[in-house]
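Asker: Each chain, written out:
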Amino acid sequence: MILHLTINGREQAVDCEPYETLLNLLRRVGFTGAKRVCESGECGACAVLVDGRAVDSCIMLAAQADGSRVTTVEGLGDLRDLSAVQTAFADNGAVQCGFCIPGMIVAATSYLEENPEPTEEQIRHVFVGNLCRCTGYVKPVEAVLTAARRMRSGGNGD
Amino acid sequence: MTRLREYLRPNTVDQALAAKQERGTTARYLAGGTDLVVFKPADVTCAIDITRLDLAGVHTENGALVIGATTLLRDIERHPAVAGITAGALLEALRETGPWLIRNQATLAGNLCNASPAADSAPMLLALDAELVLSDGRVIALDRFFVGPHRTILRDELVLELRLHPRDRAGSYHKQARSKSDIALVDVAVTARRENGRFTEVRVALACVAPTPIRARETEALLEGRAVDEELLSAVERSVRQEIRPIDDWRTTAAYRSHAAGVLTRRAVAALAAK
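Heads up: the protein sequence lines correspond to chains A and B, in order.
When you number the first sequence by my numbering, it's gap-free, plus one each residue, and the end is 338.
When you number the second sequence by my numbering, it's gap-free, plus one each residue, and the end is 963.
Think of the hints as simulated: they come from the structure by calculation, not from any bench.
Treat the hints loosely; a few may be bogus.
[Said to hold, decoys possible] Label pairs and their calculated CB-CB ranges:
hint: 1; chain 1: A; residue 1: 302; chain 2: B; residue 2: 767; range: 14 to 22 angstroms
hint: 2; chain 1: A; residue 1: 193; chain 2: B; residue 2: 727; range: 27 to 35 angstroms
hint: 3; chain 1: A; residue 1: 329; chain 2: B; residue 2: 909; range: 51 to 59 angstroms
hint: 4; chain 1: B; residue 1: 702; chain 2: A; residue 2: 216; range: 35 to 43 angstroms
hint: 5; chain 1: A; residue 1: 332; chain 2: B; residue 2: 714; range: 47 to 55 angstroms
hint: 6; chain 1: B; residue 1: 935; chain 2: A; residue 2: 313; range: 28 to 36 angstroms
hint: 7; chain 1: B; residue 1: 691; chain 2: A; residue 2: 195; range: 48 to 56 angstroms
hint: 8; chain 1: A; residue 1: 258; chain 2: B; residue 2: 740; range: 33 to 41 angstroms
hint: 9; chain 1: A; residue 1: 258; chain 2: B; residue 2: 836; range: 45 to 53 angstroms
hint: 10; chain 1: B; residue 1: 767; chain 2: A; residue 2: 304; range: 17 to 25 angstroms
hint: 11; chain 1: B; residue 1: 962; chain 2: A; residue 2: 192; range: 56 to 64 angstroms
hint: 12; chain 1: B; residue 1: 767; chain 2: A; residue 2: 313; range: 34 to 42 angstroms
hint: 13; chain 1: A; residue 1: 316; chain 2: B; residue 2: 853; range: 40 to 48 angstroms
[Unchecked claim] Which bits of chain A does chain B cover? Going by a derived footprint, with three or more residues having C-beta under 8 angstroms, they are:
hint: 14; segment: 256-268
hint: 15; segment: 272-279
From the three backbone atoms N, C-alpha and C, an ideal C-beta is built for every residue, glycine too.
Between the sequences and the hints, there should be enough to build the whole structure, so can you do that?
Answerer: Now the structure itself:
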């Protein structure tokens, strides 16, 4: 079946099987920022935005995103122009092995749009769905608070 | 579901029903997908996406809270009418029904149709006299909806909406789990109206202690019309343990579930009495 979706701002027609997940489709067309880890919607390493909502792409059929806008971590910023959240993660030493980070960046970016002034507790509540083996969550949570503060004062952190 | 051959996205309820009736159990309705695309049942060859059927939305109607079947958990949480029901216990139950990433994709109706014995939303919904409105016109009370683990009374019918009846009840909800992202060990919800220091219209509901989420009706009867004291709390704790049928599984033991169910119900009742 041919899907029509907009990925990181670019409209694309992609052929896929009914059983293919959105995660597999995205990685297949070159967006490998979303990671294939638990494939059961538990760890959040595959998180992407679908029509502005942060979801686990491993448990969404690609077909469900037909007609939708999809944003992966690559669409939030890149090395030439890091987003406020990405910059804050780097500045706060929040990245160790890095494997969970794209999912955290996507989740945090989306959450800050809903709630620009989060508490630590609220951020931890969001990160219940982003499992991290390395950091103990301390620096990632601080990074989100930093990003939120910077965004409220109008800066990007660089 | 590597055998999934068909993905349909009908535009009307009639089209969805026709597609399902033609295919029977080889087709499943798909809303969020956070159960279906996880479990990937081997015998399912067709997914019928119901998100275009205009079944999303929350509104109040004669004191009832009406929730469309494809309303996302995140949108139910954010509806202004929800926070006030049971002074926040319903909201707490919704927020425990999976992490934020899941709640951005999952539906409440889907959680009920998945019918896990551990469904986190079910106890509070049972305690609010929830009903499901089906496509064939039937209105089914939630406590008659679950038949067994992952089994409901549904055949080809679609759930169209849920109706909750808070009736000014106070409520208390607790999910006991090993971590915040885990399936529950025991869930308890207690709601009641309070008049002159006594409980009326008491509901006590639990998950993870029987083949389906259940109402503890004998415990409710114990509390009905009573004022709460230490003796009654102890009786409640014993009564809940009599009414449940927990099992050992790889998360915890029947003995733990039994102990925890009694203690948590006691605490929930005590909390309600103190409010």
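Asker: Next, verify each hint and record whether it holds.
Answerer: Hint by hint, here is what the structure shows:
no.: 1; hint: A/302 x B/767: 14 to 22 angstroms; result: 19 angstroms, holds
no.: 2; hint: A/193 x B/727: 27 to 35 angstroms; result: 30 angstroms, holds
no.: 3; hint: A/329 x B/909: 51 to 59 angstroms; result: 54 angstroms, holds
no.: 4; hint: B/702 x A/216: 35 to 43 angstroms; result: 38 angstroms, holds
no.: 5; hint: A/332 x B/714: 47 to 55 angstroms; result: 52 angstroms, holds
no.: 6; hint: B/935 x A/313: 28 to 36 angstroms; result: 31 angstroms, holds
no.: 7; hint: B/691 x A/195: 48 to 56 angstroms; result: 19 angstroms, violated
no.: 8; hint: A/258 x B/740: 33 to 41 angstroms; result: 34 angstroms, holds
no.: 9; hint: A/258 x B/836: 45 to 53 angstroms; result: 51 angstroms, holds
no.: 10; hint: B/767 x A/304: 17 to 25 angstroms; result: 24 angstroms, holds
no.: 11; hint: B/962 x A/192: 56 to 64 angstroms; result: 58 angstroms, holds
no.: 12; hint: B/767 x A/313: 34 to 42 angstroms; result: 36 angstroms, holds
no.: 13; hint: A/316 x B/853: 40 to 48 angstroms; result: 44 angstroms, holds
no.: 14; hint: 256-268; result: violated (count 0)
no.: 15; hint: 272-279; result: violated (count 0)
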